[in-house]
Amino acid sequence: MSILVLAEHHDGQLSPATAHVVAAAQQIGGDIDVLVAGENVAAVAEAATKLDGITRVRVADNAVYAHQLAEPLGALLAALADDYSHVLAPASTTGKNVLPRLAALKGVSQLSDVIGVESVDTFRRPIYAGNAIATVQSADPLKVITVRTSAFEAVAEGNSAPIEAVDTVVDNALSAFVGEELAQSERPELGAARVVISGGRGMGSGENFQLLEGIADKLGAAIGASRAAVDAGFVPNDMQVGQTGKIVAPELYIAVGISGAIQHLAGMKDSKVIVAINKDEEAPIFQVADYGLVADLFEALPELEQKL
Amino acid sequence: MKVLVAVKRVIDYNVKIRVKPDNSDVDLTNVKMAMNPFCEIAVEEAVRLKERGVASEVVAVTVGPKAAQEQLRTALALGADRAIHVETDEKVESLAVAKLLQKVVDEEQPQLVILGKQAIDTDNNQTGQMLAALTGLPQGTFASEVKVEGDKLRVTREIDGGLQTVELSLPAIVTTDLRLNEPRYAKLPDIMKAKKKPLATKTPAELGVEVASKVTLLKVEPPAERQGGIKVGSVDELVDKLKNEAKVIS
Ligand SMILES: Cc1cc2nc3c(=O)[nH]c(=O)nc-3n(C[C@H](O)[C@H](O)[C@H](O)COP(=O)(O)OP(=O)(O)OC[C@H]3O[C@@H](n4cnc5c(N)ncnc54)[C@H](O)[C@@H]3O)c2cc1C
Ligand SMILES: Nc1ncnc2c1ncn2[C@@H]1O[C@H](COP(=O)(O)O)[C@@H](O)[C@H]1O
Numbered sequence: 001m002s003i004l005v006l007a008e009h010h011d012g013q014l015s016p017a018t019a020h021v022v023a024a025a026q027q028i029g030g031d032i033d034v035l036v037a038g039e040n041v042a043a044v045a046e047a048a049t050k051l052d053g054i055t056r057v058r059v060a061d062n063a064v065y066a067h068q069l070a071e072p073l074g075a076l077l078a079a080l081a082d083d084y085s086h087v088l089a090p091a092s093t094t095g096k097n098v099l100p101r102l103a104a105l106k107g108v109s110q111l112s113d114v115i116g117v118e119s120v121d122t123f124r125r126p127i128y129a130g131n132a133i134a135t136v137q138s139a140d141p142l143k144v145i146t147v148r149t150s151a152f153e154a155v156a157e158g159n160s161a162p163i164e165a166v167d168t169v170v171d172n173a174l175s176a177f178v179g180e181e182l183a184q185s186e187r188p189e190l191g192a193a194r195v196v197i198s199g200g201r202g203m204g205s206g207e208n209f210q211l212l213e214g215i216a217d218k219l220g221a222a223i224g225a226s227r228a229a230v231d232a233g234f235v236p237n238d239m240q241v242g243q244t245g246k247i248v249a250p251e252l253y254i255a256v257g258i259s260g261a262i263q264h265l266a267g268m269k270d271s272k273v274i275v276a277i278n279k280d281e282e283a284p285i286f287q288v289a290d291y292g293l294v295a296d297l298f299e300a301l302p303e304l305e306q307k308l
Numbered sequence: 001m002k003v004l005v006a007v008k009r010v011i012d013y014n015v016k017i018r019v020k021p022d023n024s025d026v027d028l029t030n031v032k033m034a035m036n037p038f039c040e041i042a043v044e045e046a047v048r049l050k051e052r053g054v055a056s057e058v059v060a061v062t063v064g065p066k067a068a069q070e071q072l073r074t075a076l077a078l079g080a081d082r083a084i085h086v087e088t089d090e091k092v093e094s095l096a097v098a099k100l101l102q103k104v105v106d107e108e109q110p111q112l113v114i115l116g117k118q119a120i121d122t123d124n125n126q127t128g129q130m131l132a133a134l135t136g137l138p139q140g141t142f143a144s145e146v147k148v149e150g151d152k153l154r155v156t157r158e159i160d161g162g163l164q165t166v167e168l169s170l171p172a173i174v175t176t177d178l179r180l181n182e183p184r185y186a187k188l189p190d191i192m193k194a195k196k197k198p199l200a201t202k203t204p205a206e207l208g209v210e211v212a213s214k215v216t217l218l219k220v221e222p223p224a225e226r227q228g229g230i231k232v233g234s235v236d237e238l239v240d241k242l243k244n245e246a247k248v249i250s
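These protein sequence lines are chains A and B, in that order. For the first sequence, full-length UniProt numbering begins at 1 and goes up steadily by one. For the second sequence, full-length UniProt numbering begins at 1 and goes up steadily by one.
Mixed in with the good hints there might be a few duds.
Simulated pairs of lysine to aspartate or glutamate, EDC-like, Cα-Cα distance not exceeding 20 Å [to be verified]:
1. B:147 / A:181
2. B:214 / A:121
3. B:91 / B:123
4. B:243 / A:121
5. A:106 / B:210
If you are wondering where the hints come from, they were derived from the structure by calculation, not from laboratory data.
So that you can see chain A by itself, here it is in the shape it has in the complex:
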């Protein structure tokens, strides 16, 4: 078994997601290579060498891989894939963008959002917004898999794996990067935070999200949102938690002014402890909450901030 893990990185930093994917690769078993593809990614590669359990880090450093556009990255992976039995990436927007492209270029299926490894060819993954868990077996010669990072504990960092350059360069006349608008935040990343506090339509406005800020500061929490809050323009899209947003599984998830639609629950119901604050005692969110507080959030939040 020989596994290639596509490293996730942004702004010259290796993302924590990669260590979770390596953990999934370890459960499959075999040699694990990490591929760092991008432009000026020496520091990322260096950081990746520390990941426990990996054999080597392969680096494709070229302007054509800048911003990790799907067309060149898919072609690069397809060129490298013949050496491997499995190619894994986090189920991030980058992984989801690129891996199906690789799979189709190789004529194989792709398994999305894997949450469990049963054996080298059998995996578990959620379907229907997490309301069912499918166990699937793949007979494809190459298994192409995106991994739900919250389902695997990150590997530690005590390794010093060798780095090898990959010289494969592909053309890309199909797509070009134009620009990016990234949310600036001092807070932990949603997917990696130990505590997440999310606001829904009940927050009423973007300004009112400040009520969550003070609490997030005290708890070192990331701030999330329901789709309704994003659609209403209270907060940007990258804060959406749910079936079609981010999947989180923190130690503590606090849902404020969120009703608990199945699409929202799909993104947070694997959290260890769930707290719901909602003024409607019938709200479905209370069915998954360990601790429910029936209260007006405009009264409860300031009090909570003060008492923490």
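For this one, chain A is given, so just place chain B with the ligands on it according to the hints.
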């Protein structure tokens, strides 16, 4: 330019599914079916391109059983000009759907293909990317804005950290995110008119595509149920429980 839109018939997004007692699959008997929400957004975007004079024709396509024609009729009622039904009763995986769509693209030669980013039944999020790979075309996935500029397409994409804009050469493949647009409802006269719009039927065999997959579904189980929790009476009690019972804050 011609726009091709792929629509999938799925369980209605409001329905809570049940797993069959023998764990073979999800139970879909007598369950309300509908067009995948992301496909509604795809149809809406195509129709708006036509209304703005950018698109000349909108063709809707689906792969599925006879009943999937309902979703094609919906697409026609929403403004598509004609429809193509690739009829099969088999379960067709994303790769096979992409292969079938590739054949349709070969025949129709659209300048733009719009798909949903994700079908809410399989939650796969892969068909558009696969179609792009098979046709050798660029892809603008998870689109929240699409602009045709001459022979280029500018797509704003919803990515984990925020938004990214890319420029693609045409023809291109786009997959829709939730905020691309807000789909309209079909009006009764349009639903009546849609019944007369052309709908062609083909089979995978006619298109020369083998739909069997190498992936076997071994079992389907309900997710672990969460233990019902308690209601706390006050913020004080909540803080106390989190500190001393759940021990998740200090
Ligand atoms: C294809 C598809 C994908 C989707 N994907 C997602 C997704 O990824 N994530 C997601 O979240 N949703 C998603 N949705 C939307 C989902 O179906 C719900 O519409 C959405 O989650 C509702 O958000 P909400 O709970 O904030 O709003 P609402 O359902 O309107 O609930 C607001 C809640 O706030 C409470 N409230 C109001 N005022 C106060 C107050 N002063 N104090 C306390 N409580 C108050 C109300 O009692 C109510 O329970 C998706 C939908 C579709 C069709
Ligand atoms: N059977 C199908 N028929 C037509 N389009 C489909 C079908 N399956 C998937 N698609 C398209 O691909 C998108 C993404 O689906 P998926 O990759 O399966 O999550 C859907 O929103 C549709 O636009």
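Tell me if the straight-line CA distance from residue 106 of chain A to residue 210 of chain B falls inside 20 Å. It holds: about 16 Å lies between the C-alpha atoms, which stays within 20 Å.
Sort out whether residue 181 of chain A lies within 20 Å of residue 147 of chain B, counting only the CA atoms. With a Cα-Cα distance of about 17 Å, the restraint between residue 147 of chain B and residue 181 of chain A holds, given a limit of 20 Å.
For the pair supplied as a hint, residue 91 of chain B and residue 123 of chain B, is the alpha-carbon distance within the 20 Å limit? holds (15 Å)
Is the hinted pair residue 243 of chain B and residue 121 of chain A satisfied, with a Cα-Cα distance of at most 20 Å? violated (42 Å)
Given the proposed pairing of residue 214 of chain B with residue 121 of chain A, does the C-alpha separation stay at or below 20 Å? Within the cut-off at roughly 11 Å; holds.
Going down the numbered hints, you'll see the structure goes against just number 4.
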